[in-house]
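Please model the complete structure; the sequences and the hints are all you need to start from.
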Amino acid sequence: MKERTCLIIGGGYAGIHALKAVRETCKGRPIRFILIDKEPHHLRKVLLFKPAVAKTDISIPLKTLFPEGVEFVQGTVTSIKKKEKTILFLNKNSQEQAFPYDILILAIGSVIRQPEPEQGGIALTGVEAAEAVRDKWLENMRQAVHEKQPSERERLLTIAVAGAGISGIETAAELAFAMRAEAKNLGIHPDEVRVYLINAQDRLFTEGSAKMGRKLESALTDGGVTILHGQKALHERDGILTLASGRTLAVGLCVWSLGLQANPALRSMGVPLTTHGQVVVDQSYRVAGTPGVYSIGDCARIVDPASGQADTMTCKEASGQAIRLGKIVLADLDGIPAPVHKSYMDFYCVGLGPERGMVWTRKWGLDIILTGKLGWKLRQFTWNIGSMIK
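Going by full-length UniProt numbering, the letters in the sequence shown line up with residues 1 to 390, in that order.
Derived by calculation from the structure, the hints in this document are not laboratory data. Don't take each hint at face value.
[Stated by the list, open to error] Pairs of lysine-lysine residues, derived as DSBU-like cross-links and limited to a Cα-Cα distance of at most 35 Å, are as follows: (1) LYS342 <-> LYS20; (2) LYS20 <-> LYS81; (3) LYS342 <-> LYS55.
Written out as structure tokens, the structure is:
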């Protein structure tokens, strides 16, 4: 039997799970697996708030995840030549190379939205940005110890997190905990620390029930976070954050948490895209008009054919898609009907600081909410399973 080459583009959540699923499902088939990513590691992107509060490593070497049976290429894919079944990529020395494939899985994910440069602040877009956030609030707190002017001291002890999705909630909760702990170390009363969460919506957690939103708000408030609903942050200049309502806040730092968008690198790859920049796929994740190419995760527009519901950009959905993709690839190799996409159940986990978490799901029309240590353990579990940590 002829050996086939399966290329996986992207070492994020969707990419590593796709590789694992196809390897396991097609075990025994002569397939050469190659994973291509611009970095030699998998970044646990949902944990970017961790290096914003403490020195920590949230990356895992790809060779640790796949110690054998997989080849790794460090590079950036620039285009897909569908007629030749070849990709072009720039290697780590910025030299262009070509690589043929039989099966191609496009899983380059999403990027975090950035504010315009004139909006100021720091967007939590990567590890370097997270470390810059940590350096800034620590520096501000140390300055506050010696600051004699009350208004300036108050400003130095204040942070605003602009954007109240799950990432914004988790970031605000972790910052409030870390800053209050540092305040005690510096001889500052923890109640002097102020962390604002700027929410453009009328409540938290619009993905699910209002009851869950209220519980999240209560937990955040208990942890030292002040939530401003129905407010949109415009810009931070010279320590003043201006909101769309005209209200201003004196802040030592504004952290932007503006959600995700499909990876803009897709635009040069020669695959069909939606108006929002996601890859157009059929109900079995096959890229339209591109034989042998599949796409899952944040970079693909994946819709449940039964309900018409589109998947959102979460790692839990990517891992579910990957499991199904393994079965689809095997079916396509055998020339038999392939499975079709089915939406993941409503299930959300939110971290609320060290050892605090909350989980929401809907079953039989009922809201099920888990809090406390159980909520925290489930949140940890979802973080770990997303990065294939046992």
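Verification of the supplied hints:
Annotation: proposed proximity of LYS342 to LYS20 holds, straight-line Cα distance about 20 Å (limit 35 Å). Between LYS20 and LYS81, the direct Cα distance comes to roughly 25 Å. Compliance with the 35 Å bound is thereby established for this hinted pair. Our distance criterion of 35 Å between C-alpha atoms is broken by LYS342 and LYS55, whose separation comes to about 39 Å.
Checked against the numbered hints above, the structure breaks only hint 3 and satisfies the rest.
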